[in-house]
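Trainee: Residues per chain, in single letters:
Number of protein chains: 2
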Amino acid sequence: MKNVIVGQSGGPTSVINSSLLGVYKTAKDKGVNAVYGMVHGIKGLLDGNIINLSTQIKNDLDMDLLKRTPSSFLGSCRYKLPEIIGNEKTYEKIFFILNEYEISAFFYIGGNDSMDTIKKLSDYGEKIKSPVRFIGVPKTIDNDLAITDHTPGYGSAAKYIAATVKEIIRDGLVYDYPQVSIIEIMGRNAGWLTAAAALSRGEDCEGVDMIFLPEVVFSLEKFLNGVERLLQKNRSVVIAVSEGVKLSNGRYVCELLDHVEYTDAFGHKQLAGTARFLAGKVAEKFGVKTRAIELSSLQRCAAHVTSRIDVTEAFNVGGAAVKAAFEGHTGKVVTLKRVSEEPYMCVTELADVHYIANVEKKVPIEWIKSDGTYVKSELIRYIRPLIQAEIAPLWVNGLPRHLIKKDKYGE
Amino acid sequence: MKNVIVGQSGGPTSVINSSLLGVYKTAKDKGVNAVYGMVHGIKGLLDGNIINLSTQIKNDLDMDLLKRTPSSFLGSCRYKLPEIIGNEKTYEKIFFILNEYEISAFFYIGGNDSMDTIKKLSDYGEKIKSPVRFIGVPKTIDNDLAITDHTPGYGSAAKYIAATVKEIIRDGLVYDYPQVSIIEIMGRNAGWLTAAAALSRGEDCEGVDMIFLPEVVFSLEKFLNGVERLLQKNRSVVIAVSEGVKLSNGRYVCELLDHVEYTDAFGHKQLAGTARFLAGKVAEKFGVKTRAIELSSLQRCAAHVTSRIDVTEAFNVGGAAVKAAFEGHTGKVVTLKRVSEEPYMCVTELADVHYIANVEKKVPIEWIKSDGTYVKSELIRYIRPLIQAEIAPLWVNGLPRHLIKKDKYGE
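Residue numbers (this note's numbering), protein chains in the order written: chain U, 184 to 594; chain Z, 184 to 594.
It is possible that some hints are incorrect.
Chain copies aren't distinguished; within one or between two, either way the pair holds.
Each computed DSS-like pair below joins lysine-lysine, with the alpha-carbon atoms no more than 27 Å apart [to be verified]: (1) K589 x K416; (2) K552 x K591; (3) K464 x K241; (4) K559 x K276; (5) K588 x K552; (6) K588 x K416; (7) K472 x K588; (8) K588 x K241; (9) K263 x K472; (10) K429 x K472; (11) K310 x K405; (12) K588 x K468; (13) K241 x K545; (14) K506 x K208; (15) K405 x K208; (16) K241 x K506.
Derived by calculation from the structure, the hints in this document are not laboratory data.
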């Protein structure tokens, strides 16, 4: 292979750059000439916004910094390629650019929306009998990708959530009067991230008292009854709730608040305010002190807390994508398969992108308690191995050091 | 000295338990028989809620865990002692209890509100010629205590804020469209914590674009003009704003939003919603994507990021309080004096509690840029040494391990 190109798409994670490094380092180790990066994903490629990654990653220190740098190093986009039929010009342009840069393989690090890009490009490539190979590299804190056991990015977000929730639980117990804290966690339709709050419970922590996932219809009455029951026995009540919980009429709980909505290119609503709304209801009904805490973008960018398992797997899926391209695969996504539960062991495999693109994997209903207010031990056993071990930041002058993008000349 | 007693009061910090350990260990090392803890501060003492700390701290591992445990291990209160005149019964009761437990010295870890307790008790003690010594141990993330160079708790909160802000800045740059992120940071009247956002700027980070402290009257017009100017040159604009910023009419910015207010025993309003209000204004005026991020209680409980300087100084002020009591002092507060700028060196001193209780130290106006939109380098030079060096959590099964309170028998 002469040259390859790699892009990052969709929301960032704390370890998405470890996957970028996995692609870069494996390609260079395998003798690829140039590893190009699309700046802001496929949209950047269409705009000719392309850099040679060797201008950015110059030595071992840069590699170790890149692995610890949150957000997408190359920049991201939420651009959806149009359908092939009727939009051939867009595809011709992409393949023209790939040809111009003598690209043999195209890697795209992203979630289920981004895998749509791999699907369309590999479909078009097959149609025109292009030799370019298209491989997807999985990434999303949401863990909602089909087929793969889990997605890189999820383990670190889960670790951050569980560690932070433990701290919030300790904080909530500081005073001697009743208090209800409601923590809002990301997850539009899938409750994987919110479920990670369950990991807080252990030998040294009371854990959260209730967990509400979007997989179960949310009942305000059941929620308030639960709070009432908990306030009778606990001084401090801590509840984890997914931003995406919905009422039986299909409306998001946060839509009951007045707030600005935002719809992105994929038609997703920006959800926020669920905790605030529920805290208001609790204060109104029980007259206790409440606190609404939104973990907000911290859960996807807090690279100062990452899981070493996750960082390693993120690197490995990037490397496995390069290996797959070398072996001649295209239209595939690297997946993770848990080959052993105890001890935890995972290997990479390949799946057809058509089974992954645009498909959302939710938390199985069997892993949620039947009253919808907590998760079952199966779910905790599934998540626990993914948050294991640490990778310390490189602290410089008191703060974690990051690698940031230089100009295209590396200056 | 036979026995001593220690309490924690006011809002917690990430290192308040390092001060508790400083008191405990120094007292034990000096041969004190029992170190008692008031559960939930002076209110717990009045209720007879007292434990022997040796039932809680049994070995070196417990000590190392205590140092890393956020929130007040003993529990806290926001109880203000009544004036002495006319309320002698309360004071008689306290001194009766102290006598019952054969207490020679009383240590109270807290901020300026809590130092009011030391002031009143030492005043009363002097009046009745009690031999009990009363010493205050400084603590507050707000850094608003008079006389002392800074307060233990501030450095770790500043480090957490600066590290998190760096990550939010990276996250904000991920897409190729304009975005304005507004980060709301604690600080009712003093901008010390918000100023820590300035530490984010450096070799590997663009830093925040504007900083608004409560020491300067907030002008919505100036704010929006600043955002407009920044949006002309930057894709992502990140602004740090104190929860306590006020308009020229004296109203808090967050009061412009509809929200529930809470007033604690000291008459403080609960402030929240400043970032949300400002983000709404920006979205309305410029039609760009906005994100309001409240660091909320995380900034005072995120013990997984602490400054080693801060942890050590927190321990030292606790130890110095015991030393002062042994030397016969009473009605004093341990303070920190910066004896050298470069290299940074701090020692403990003692100050009369009457100069500290109920006094708030604000950021000097000379350390804020004249247009009120950023801080000067003097302020950054003041904060930087306080966030230096790290103390890693003790990670167990993927999460930071804490020490939690056992019952009074240590079970």
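Trainee: How do K464 and K241 come out at 27 Å by Cα distance, when the copy is not named: within, between, both, or neither?
Mentor: Cα proximity of K464 and K241: none, with 54 Å in one copy and 43 Å across.
Trainee: Under a CA distance limit of 27 Å, which applies to K588 and K241: within one copy, between copies, both, or neither?
Mentor: Within. Shortest intra-copy distance 12 Å satisfies the 27 Å Cα cut-off; inter-copy 50 Å does not.
Trainee: Given a CA cutoff of 27 Å, do K241 and K506 count as a within-copy pair, a between-copy pair, both, or neither?
Mentor: Answer is within: at 23 Å inside a copy they meet the 27 Å cutoff, but 54 Å across does not.
Trainee: Please work out whether the CA atoms of K472 and K588 approach to 27 Å or closer within one copy, between two copies, in both situations, or in neither?
Mentor: between (45 Å within a copy, 23 Å between copies)
Trainee: Measure nothing new, just compare the shortest in-copy and cross-copy C-alpha distances for K552 and K591 to 27 Å and report within, between, both or neither.
Mentor: neither (52 Å within a copy, 35 Å between copies)
Trainee: Could you place K405 and K208 in one of the four classes (within, between, both, neither) given a Cα distance threshold of 27 Å?
Mentor: neither (52 Å within a copy, 48 Å between copies)
Trainee: With identical chains treated as interchangeable, where does the CA-CA distance between K506 and K208 reach 27 Å or less: within a copy, between copies, both, or neither?
Mentor: Cα proximity of K506 and K208: one copy only (11 Å, versus 57 Å across).
Trainee: Using 27 Å as the alpha carbon limit, work out where K559 and K276 are close: within a copy, between copies, both or neither.
Mentor: neither (50 Å within a copy, 50 Å between copies)
Trainee: Have a look at K241 and K545 and pick one of within, between, both or neither, based on CA distance no larger than 27 Å.
Mentor: neither (40 Å within a copy, 45 Å between copies)
Trainee: Quick one: K429 to K472, C-alpha cut-off 27 Å, is that within a copy, between copies, both, or neither?
Mentor: Both. Shortest intra-copy (25 Å) and inter-copy (24 Å) distances satisfy the 27 Å Cα cut-off.
Trainee: From the Cα coordinates, with 27 Å as the cut-off, is the pair K588 and K552 best called within, between, both, or neither?
Mentor: neither (46 Å within a copy, 30 Å between copies)
Trainee: Give the relationship of K310 and K405 under a CA distance limit of 27 Å: within one copy only, between copies only, both, or neither.
Mentor: Neither. Shortest intra-copy (54 Å) and inter-copy (57 Å) distances fail the 27 Å Cα cut-off.
The structure fails to meet hints 2, 3, 4, 5, 11, 12, 13 and 15 from the earlier list, while all remaining hints are met.
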